[in-house]
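Here the structure of chain A is known, so what remains is to put chain B in place on it, guided by the hints.
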Amino acid sequence: MSGTTTRLRPGAVIFLMLAVAISALAVGLFMIDRIGEAIIAERQRAVAAAARDYFVAFAHEEGLAPLARALDLRERTDPGGAFRYALYSEDGRRLGGASLSPAQPLPETGEARMKIFNDGRNSPWRVMVQPLSMGGALVVYEDISERIAFRRALVASAGVALLVAIAVVLMAALWLNRRLLRRMETLAATAHRIAEGDLSARTEIHPKGDVFDRLGESMNGMLDRIEELMTGMRTVTDSLAHDLRSPLTRMRADLSQALQPDLPERNRQEAIALAHDEADRALAMLSALMDIARAEAGLSRDMMAPVDLAALVTEIGELFAPVVEDAGQIFVPPEPREPLLIQGHELILRQAVGNLLHNAAQHAGAGAEVRLTLEQALGRIRIVVTDSGPGIPEEHRGRVRERFVRLDEARSGPGGGLGLAIAAACAKLHGGALNLEEAHPGLRAVIDLAAPRQVLERGP
Amino acid sequence: MSRRILLVEDDAETADYILKGLREEGYTADHMVDGRDGFYAASGGEFDAIIMDRMVPGMDGLSVIKALRAAAIPTPIIILSALSHLDERVKGLKAGGDDYLTKPFGYSELSARLENIMRRRPAAEVETKLSCGDLTIDLLSRRVVRDGRVLDLLPREFKLLEYLLRHKDRVVTRTMLLEQVWDYRFDPHTSVIDTHISRLRKKIDEGFGRPLLHTLRGTGYRLSLEP
Chain A
1 MSGTTTRLRP GAVIFLMLAV AISALAVGLF MIDRIGEAII AERQRAVAAA ARDYFVAFAH
61 EEGLAPLARA LDLRERTDPG GAFRYALYSE DGRRLGGASL SPAQPLPETG EARMKIFNDG
121 RNSPWRVMVQ PLSMGGALVV YEDISERIAF RRALVASAGV ALLVAIAVVL MAALWLNRRL
181 LRRMETLAAT AHRIAEGDLS ARTEIHPKGD VFDRLGESMN GMLDRIEELM TGMRTVTDSL
241 AHDLRSPLTR MRADLSQALQ PDLPERNRQE AIALAHDEAD RALAMLSALM DIARAEAGLS
301 RDMMAPVDLA ALVTEIGELF APVVEDAGQI FVPPEPREPL LIQGHELILR QAVGNLLHNA
361 AQHAGAGAEV RLTLEQALGR IRIVVTDSGP GIPEEHRGRV RERFVRLDEA RSGPGGGLGL
421 AIAAACAKLH GGALNLEEAH PGLRAVIDLA APRQVLERGP
Chain B
1 MSRRILLVED DAETADYILK GLREEGYTAD HMVDGRDGFY AASGGEFDAI IMDRMVPGMD
61 GLSVIKALRA AAIPTPIIIL SALSHLDERV KGLKAGGDDY LTKPFGYSEL SARLENIMRR
121 RPAAEVETKL SCGDLTIDLL SRRVVRDGRV LDLLPREFKL LEYLLRHKDR VVTRTMLLEQ
181 VWDYRFDPHT SVIDTHISRL RKKIDEGFGR PLLHTLRGTG YRLSLEP
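As they're listed, the protein sequences go chains A and B. Residues 1 to 460 (our numbering) make up the first sequence, in order. Residues 1 to 227 (our numbering) make up the second sequence, in order.
Calculated from the structure, these hints are not laboratory results. Please read all numbers here as calculations on a predicted model, not as lab measurements. Don't take each hint at face value.
To be verified - Derived lysine to aspartate or glutamate pairs resembling EDC-like cross-links, with alpha carbons at most 20 Å apart:
#	chain 1	residue 1	chain 2	residue 2
1	B	94	A	280
2	A	208	A	238
3	B	159	A	238
4	A	428	A	302
5	B	91	A	302
6	B	203	A	325
7	B	202	A	326
8	B	159	A	325
9	B	91	A	325
10	B	103	A	278
11	B	20	B	48
12	B	202	A	325
13	B	94	A	302
14	B	159	A	318
15	B	66	A	302
16	B	202	B	183
17	A	428	B	48
18	B	203	A	318
19	B	103	A	280
20	B	94	A	346
21	B	203	A	326
As the list claims (entries may be wrong) - A short list of chain B residues far from chain A (calculated; beta carbon distances all over 10 Å):
#	residue
22	16
23	27
24	37
25	40
26	45
27	87
28	132
29	144
30	183
31	199
32	206
Even for Gly, the Cβ is constructed at its ideal location relative to N, Cα and C.
The following block holds chain A by itself, in its conformation from the complex (with noise of 0.2 Å):
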């Protein structure tokens, strides 16, 4: 499909229009010409008709001396009309009539057209004979020069007429071209402004909303889009470069070590093998920060799918429990309940579940008790596993939902410092907020979603 385009050219389009206007105004007047000629000929011809059979009957009642008398009579009466009348003998000699000299010599019978010099001027006329039982013959001229002056005047006018609307037409399609032009200059101009770098050019959408405002509407949308995912993508990489330094860098300081020539096998064995768990850890990292990153930046949002949080904590619940258990800690699962579906990203909010068990389970201390609900209240859904450990120092709490951060500052212990990172990630992609609150003692951990406005069907 993408090899044939549609492409639409100002130019070529008024080429058409004034091509097919200038064929039309030809066809027009060629018609207007041959009907109009048709209509007058034909009356003319009736008139002609009428007036020889008038006369072929008077010669035969009266005679040809009267007839000719009558017509001499008529041409002195009304000299300059159209239709002129003669009378001939049988040798040619006129008998009465017209006096006209044609410039070739007469048919002997029917219609010739000929040019006759009268009143001072070469004329063409239309010159009908009909020869009379009696002898002689009958002619009668018409000059046809009005006529012909009568046809050019229609032409002209209809012409005149013809042009005047096709250069209004015209107009109006130049009007109308530049006009549509301008809409699409707009569309163009905010695109050559993104292609230049600048992603934050929208187009002016007007509020009256024709279908240009439509596609600047729609092109606006994919531009806002287009936008997030970019700097998400931006989020994504500059943290992931920011991130993946210490772990490097660690590995790197490692395998220098086990570089130098003069150290002891054992030794070089043992550096060898740190570095070896410095690239492991920074492969779950960068699992992990995948995740954050492209939480954080909304890029997850596509593989949001209905999912029952209700199943999902039960799941998670049993998974850690043992985890719990086996750190002297006593483990309150949630308490079964309905479905309680919500549109969201399963396996993350899987991993931010179990972050936090994992999290309560090695920081609240033997002897605590860890607490897992799902409570949905005032449109709100809450995932809390609740601690009653030391929980966490008022002014540290912001703090310890970034990367990275932990309070004892150990680095020996599982979790990397990302597990809450997770969690706050999970809970903003949910449109929602990873809240620690003081639980006396203890901690809450709440991942505080909004409950969806619609009852969800789950999906095949």
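For chain B alone, coordinates are given in the frame of chain A:
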């Protein structure tokens, strides 16, 4: 007749590593570097399983899988990928892959997963009882009996045991259990699966003559009569 595996992988080092392992295990392995070639080779449907790299030249791995599934080729497929984040895993499985393995991985992990996807049974066959030696579980009444004694298992322990029994005599890795029993991504610092296994082992093996649940160092676990 040995089973035929198709490997589509453009990285020579990874490919050699996998092919060596496959051949040592007695598989017949075909190797393609290009996604398009891989698609043509696989479209005959004569392979028992396909190992497909996510990003290969010619035709993207996911497109190959989608095209194969669209052509109704049911060959089980493991996707290999350097893309480790959760979205990619979902995309891979949605495209029609049967399993998703993130690079880098150990050969034993791949081998266990390969065995697993090749043994998937048709869904029509409904089992109500699973057993290994004198251990039997009833999937309907959720009763677990070993040597005539009824064992009291928690739901999570029952779920784990059911998975192990369905993969009887074969190696299952920690990540397979995390991913397939709990849909949870492998976390190298969490020994959560070991904790579950040791609790299950206490219930099904302690006090009986012969252990059924075996640990394979560095790899995973196996439920079988033979150690």
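To test your reading of the hints: which numbers does this structure violate?
Failing hints, ascending: 1, 2, 3, 9, 16, 17, 27, 30, 31.
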